[in-house]
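Participant: Please model the entire structure based on the sequences and the hints provided.
Listed here are the chains, written in short residue letters.
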Amino acid sequence: MEDHVETVRKAIIEGRHREIEQLVQKAVEDGVDLHRLIQEGMIQAMDVVGRKFADGIIFVPEMLVSAVTMKKGLELVKPFLKGDGKSSGRVVMATVRGDLHDIGKNLVIMMLEGAGFQVTDLGVDTDVESLVQKVRELNPHILGLSALLTTTMPEMARVIQALEEVGLRDKVKVMVGGAPVDQKFATQIGADGYGKDAAEAVELARRLVGA
Amino acid sequence: MSMKNTPYNLVMSGLMGGRKGHRPPVGNPTSIVCQGLMDACGVSFPQAHLDAQAMAELALAGHEVVGFDTVMPEYSVHQESAALGCVVDWGGRDRMPDAKNFPHSDFSDIQVPENLLEKPSMRVVLDALSILRKHVGGQVAIWGKVMGPWTLSYHMAGTQNFLLQVGMGEKEKVKRMLRQLMPVTISFANAQLKAGADAVVLADHATGNLVGPYTYEEYLLPIHQEITSLIGGPVILHVCGNCMDRLELFARSGVDAYHFEWQVDAREAVRKIGGAISLVGNVNNPRALLQGTPEDVYEQARYAIEAGVDIIGPECAIPLATPLENLKAIVEAARQGY
Chain C
1 MEDHVETVRK AIIEGRHREI EQLVQKAVED GVDLHRLIQE GMIQAMDVVG
51 RKFADGIIFV PEMLVSAVTM KKGLELVKPF LKGDGKSSGR VVMATVRGDL
101 HDIGKNLVIM MLEGAGFQVT DLGVDTDVES LVQKVRELNP HILGLSALLT
151 TTMPEMARVI QALEEVGLRD KVKVMVGGAP VDQKFATQIG ADGYGKDAAE
201 AVELARRLVG A
Chain G
1 MSMKNTPYNL VMSGLMGGRK GHRPPVGNPT SIVCQGLMDA CGVSFPQAHL
51 DAQAMAELAL AGHEVVGFDT VMPEYSVHQE SAALGCVVDW GGRDRMPDAK
101 NFPHSDFSDI QVPENLLEKP SMRVVLDALS ILRKHVGGQV AIWGKVMGPW
151 TLSYHMAGTQ NFLLQVGMGE KEKVKRMLRQ LMPVTISFAN AQLKAGADAV
201 VLADHATGNL VGPYTYEEYL LPIHQEITSL IGGPVILHVC GNCMDRLELF
251 ARSGVDAYHF EWQVDAREAV RKIGGAISLV GNVNNPRALL QGTPEDVYEQ
301 ARYAIEAGVD IIGPECAIPL ATPLENLKAI VEAARQGY
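Chains as they are written, first to last, in our numbering: chain C, 1 to 211; chain G, 1 to 338.
Errors might be hidden in some of the hints.
Quick list of simulated restraints, FRET-style, between CB atoms [claimed, not checked]:
| hint | chain 1 | residue 1 | chain 2 | residue 2 | range |
| --- | --- | --- | --- | --- | --- |
| 1 | G | P120 | C | K26 | 53 to 63 Å |
| 2 | G | P183 | C | G123 | 27 to 37 Å |
| 3 | G | K100 | C | P154 | 16 to 26 Å |
| 4 | C | E6 | G | P120 | 51 to 61 Å |
| 5 | G | G232 | C | V166 | 52 to 62 Å |
| 6 | G | Y214 | C | A54 | 16 to 26 Å |
| 7 | G | K100 | C | A54 | 28 to 38 Å |
| 8 | C | K26 | G | K175 | 26 to 36 Å |
Calculated pairs, DSS-like style, for lysine-lysine (alpha carbon to alpha carbon, straight line, at most 30 Å) [claimed, not checked]:
| hint | chain 1 | residue 1 | chain 2 | residue 2 |
| --- | --- | --- | --- | --- |
| 9 | G | K134 | G | K173 |
| 10 | C | K196 | G | K119 |
| 11 | C | K196 | G | K272 |
| 12 | G | K100 | G | K173 |
| 13 | G | K173 | C | K72 |
| 14 | C | K10 | G | K173 |
| 15 | G | K175 | C | K72 |
| 16 | G | K173 | C | K52 |
| 17 | C | K184 | C | K171 |
| 18 | C | K72 | C | K184 |
| 19 | C | K71 | C | K196 |
| 20 | C | K196 | C | K86 |
Which chain C residues stay away from chain G? Per the calculated CB distances, all over 12 Å, these [as the list claims (entries may be wrong)]:
| hint | residue |
| --- | --- |
| 21 | L122 |
| 22 | Q133 |
| 23 | H141 |
The set of hints was computed from the structure by calculation and includes no laboratory data.
Computed from a prediction, not measured in an experiment: that's the story for all the values here.
Backbone N, C-alpha and C define an ideal beta-carbon position, used for all residues, glycine too.
Facilitator: As structure tokens, then:
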């Protein structure tokens with residue numbers, strides 16, 4: 001019998017978005033173990049994609065296509081899961097106020113979802129008040145903040161400060177990222193972690209929830 | 001025979017790989033406006049994006065207050081996109097302009113307006129260049145700036161959307177958009193040269209953080225070669241990010257110089273393409289200029305000078321909160337000579 005998991009894994013790594021639905025469909029029909037299909041065929045495929053991106057072998061266009069491919073495959077499998085697909089953790093993600101750049105954030109979200117996290121995306125240009133409000137409302141394990149501009153980086157510090165002021169800082173881990181951000185800055189503003197790319201962000205998220 | 005050491009001569013000679021003067025020139029292909037500079041000349045954002053006189057005065061402050069050898073009056077990446085139908089929020093003293101929509105996210109055909117150069121966001125740059133020409137023409141190098149079709153495509157279709165189409169191999173769609181935008185870049189560049197610019201910066205963000213060198217080579221290199229052959233003056237290419245893996249491709253694009261980031265080591269850049277085109281850069285923005293001390297900036301500028309970079313300057317548009325003293329440290333480093 002053909003190795004469906006390996007076929008799906010390869011299709012995602014190579015971003016064969018036009019074929020993925022057919023491949024997953026066939027895997028499901030042939031009775032493949034769905035959790036193995038997700039874990040080894042999809043999540044591990046995105047781990048490989050993330051590493052290739054971090055190593056500069058592939059770039060954003062290729063990564064976006066792999067993520068789209070995975071998402072298409074995952075959507076097909078979801079209805080067959082009987083509510084036992086356990087979540088890795090809840091994450092709220094946002095690009096901070098004044099910043100409209102969202103590719104980095106979106107890539108992190110796609111990778112986190114691939115890794116089994118439940119992600120709420122607050123979009124771009126998100127002000128401190130609505131971030132605090134959402135943390136209160138959704139009680140996430142992790143809050144992920146993104147900024148591409150050096151001009152908007154200080155907003156991250158303001159968010160952390162605001163969380164402290166309302167007594168929510170201990171309830172949520174804060175991770176930060178974006179082109180101008182580095183570990184030094186993350187430490188300085190009191191964030192719990194920094195990821196330099198989407199793959200590192202997923203690793204970090206896993207560490208932060210103790211997975 | 002020695003060269004007269006005026007800012008103009010030093011810059012243009014550096015740009016063309018000519019004789020060296022008594023010190024390296026200092027230039028800014030991208031904005032060096034910070035709050036300190038706005039305070040120093042009494043002109044600030046968003047006025048300086050919208051009014052030609054204000055725009056020119058702020059550019060002039062880069063020479064008069066900080067001591068740069070170039071003046072460059074364009075501080076946003078949205079002059080063309082505003083003329084092509086993007087809704088632009090011109091920001092303020094502490095916020096750079098940003099576009100609020102992507103008018104061609106469906107990759108529909110782009111009709112370049114016949115009166116493109118008369119659209120307010122284009123006219124203002126041309127008028128500012130003419131004002132600068134009247135004030136400092138022949139003494140200080142006047143640089144203009146245009147966006148290339150790759151950057152314009154980000155603005156027309158949305159960056160993620162555009163890159164996804166590239167990833168999906170929608171070659172025809174992607175190439176059609178690039179081709180439709182090319183005339184905007186070429187006509188704006190030539191109009192800037194006629195209005196008073198001595199050289200133009202071609203900013204086209206096929207950066208190492210977003211796309212691979214193979215994407216640049218397939219989609220953009222042929223277009224850059226065509227654009228540079230049709231622009232009637234010196235061209236400085238600006239592509240930020242780590243572009244070490246595509247320097248040789250840039251050197252083949254027909255530009256006279258490449259403006260590069262700190263992520264690309266200056267010595268390596270000079271070794272790879274210093275013989276083919278000139279290099280402009282590459283003092284680090286977030287760590288040195290924004291968060292560092294004047295000594296940090298000085299040290300980086302000296303490193304670039306000693307590596308053989310032809311014109312010294314920040315790596316990209318500087319953060320608005322950059323201390324003026326840090327900016328001046330670049331000029332200080334250049335004054336020490338070679």
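Participant: When the hints from earlier in the document are held up against this structure, which numbers fail?
Facilitator: 9, 10 and 18
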